[in-house]
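Residue numbers (this note's numbering), protein chains in the order written: chain E, 1 to 190; chain H, 1 to 166.
Keep in mind the hints are simulated off the structure, nothing from the lab.
One should not assume that every hint holds.
[As the list claims (entries may be wrong)] Output of the computed footprint for chain E on chain H, the stretches with three or more beta carbons under 8 Å from beta carbons of chain E:
#: 1; region: 53 to 60
#: 2; region: 64 to 76
[Said to hold, decoys possible] Some chain H residues flagged as far from chain E (calculated, every beta-carbon gap over 10 Å):
#: 3; residue: Cys3
#: 4; residue: Gln47
#: 5; residue: Val50
#: 6; residue: Phe153
#: 7; residue: Glu154
The C-beta atom is built at its ideal place from N, Cα and C for all residues, glycine as well.
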Amino acid sequence: MLLVRDGDEESFRLLLEKHRNPIVHFVDRMTQNPAVSEELAQEVFLRVYRSRGTYEPTARFTTWLFRIATHVTLNWLRDRKNERGHQRLDEEQDGETRTREVADRKPTTEQQMVHEVRLQEVRDAIAQLPAKQRAAVLMHKYEEMEYSQIAVTLRCSDSAVKSLLFRAYEALRSKLKHMEPGNMMTGGTR
Amino acid sequence: MTCPLHSEETAGILLDYTAQRLDETSMSQLERHMESCTACAALRSEQAAVWRALDAWEPAPVSTDFNRTMWAKLAAALAEPWYVRLGHAARLGTWKPVVPLAVAAMVIVAGFFMDHPADHAPLPGPTSTIAVSTSEADQVEQTLDDIQLLYQFESAAEGTTSRRQM
Numbered sequence: 001m002l003l004v005r006d007g008d009e010e011s012f013r014l015l016l017e018k019h020r021n022p023i024v025h026f027v028d029r030m031t032q033n034p035a036v037s038e039e040l041a042q043e044v045f046l047r048v049y050r051s052r053g054t055y056e057p058t059a060r061f062t063t064w065l066f067r068i069a070t071h072v073t074l075n076w077l078r079d080r081k082n083e084r085g086h087q088r089l090d091e092e093q094d095g096e097t098r099t100r101e102v103a104d105r106k107p108t109t110e111q112q113m114v115h116e117v118r119l120q121e122v123r124d125a126i127a128q129l130p131a132k133q134r135a136a137v138l139m140h141k142y143e144e145m146e147y148s149q150i151a152v153t154l155r156c157s158d159s160a161v162k163s164l165l166f167r168a169y170e171a172l173r174s175k176l177k178h179m180e181p182g183n184m185m186t187g188g189t190r
Numbered sequence: 001m002t003c004p005l006h007s008e009e010t011a012g013i014l015l016d017y018t019a020q021r022l023d024e025t026s027m028s029q030l031e032r033h034m035e036s037c038t039a040c041a042a043l044r045s046e047q048a049a050v051w052r053a054l055d056a057w058e059p060a061p062v063s064t065d066f067n068r069t070m071w072a073k074l075a076a077a078l079a080e081p082w083y084v085r086l087g088h089a090a091r092l093g094t095w096k097p098v099v100p101l102a103v104a105a106m107v108i109v110a111g112f113f114m115d116h117p118a119d120h121a122p123l124p125g126p127t128s129t130i131a132v133s134t135s136e137a138d139q140v141e142q143t144l145d146d147i148q149l150l151y152q153f154e155s156a157a158e159g160t161t162s163r164r165q166m
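The shape of chain E in the complex, shown without the other chains:
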């Protein structure tokens, strides 16, 4: 990143290659909207490029990058929440109900269908978490980030991160309890 700060485009290309997938996946899981996730990820890299001049290596680059990604995503989620608030009002007035995306998919086998339904449950459980808890879980689970790194990213203390994670996993345990091997009606779908 220090080379990028000095105007080395090749270094930015390497940086993009290395961090593209984790950022796109993080944003995708946060937003659960494939149509915008790549666009937001590109916005993250644009911001990195624009603020390269002010970059100071005080924290790990990954932490700084995820801090920008979290900021961009939380902003998008906040804006969307406001939009959805208006949409919901319109829907209530129309008296229509929304159909879940999973109902539109055409599974080839029963196993695939069960797998899809379960995945949808996982996605829903994650989506129902408050945005900060969601970000903390995704960084902890998929990026294997330390508590201190998540704390820097979310601008809070280590103990606050532990608390966020504990409450988030508590909610997930309650929602996904039925997926324990002993509680599953059909096994071997994964």
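Let chain E serve as the given structure and place chain H on it in line with the hints.
Okay, now just chain H, sitting in the frame of chain E:
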């Protein structure tokens, strides 16, 4: 080992256990504890289920034209005029270090104007008239006389003191 479930802070150890981030000593201690603690054992099994469920959620592959679009956006960003880039910098918060300087400059300028109010006070126009009543003029004259009297009295008193000292 005390039950880690007693507080949120220590309960994190169970999350670390499921994430396989515990060192061997802590892991074996916790496993021994879970043999007798049903609450911790239940939480471990529920947390493991959550972990497996999250493992199954594979991300969508990144589209092949991601880089191309990215570079196109970057080229467009570089071609933006300076004032647009300045706007972006402001949004990104790169202007934040300038704030203390701006505030300091404003304080200095404000101090200058407060110190020199007459220099910038609007001058009365040639047509404007200052209405001063005769009683106000008398009061001013009286005050000036009083000040002069006090000044003379003070000078006389100082002269007397210096003579006595000699």
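Glutamine 47 of chain H remote from chain E - nearest C-beta pair above 10 Å
violated, 6 Å
Would you say valine 50 of chain H is clear of chain E, with no C-beta pair closer than or equal to 10 Å?
violated, 5 Å
Far enough from chain E: is every CB of that chain over 10 Å from the CB of glutamate 154 of chain H?
holds, 64 Å
Check the non-interface label on phenylalanine 153 of chain H: least C-beta distance to chain E beyond 10 Å or not.
At roughly 68 Å from the nearest Cβ of chain E, phenylalanine 153 of chain H sits farther out than 10 Å, so the non-interface label holds.
Consistency of the no-contact label for cysteine 3 of chain H, given chain E and a CB cut of 10 Å
holds, 15 Å
For the region 53 to 60 of chain H, does the count of residues with a C-beta closer than 8 Å to a C-beta of chain E reach 3?
As far as the region 53 to 60 of chain H goes, the hint holds, because 6 residues have Cβ atoms under 8 Å from chain E.
Holds or violated: the region 64 to 76 of chain H covered by chain E, criterion of 3 or more residues with Cβ-Cβ distance under 8 Å?
holds (count 6)
Violated hints, listed in ascending order, are 4, 5; each of the other numbered hints is respected by the structure.
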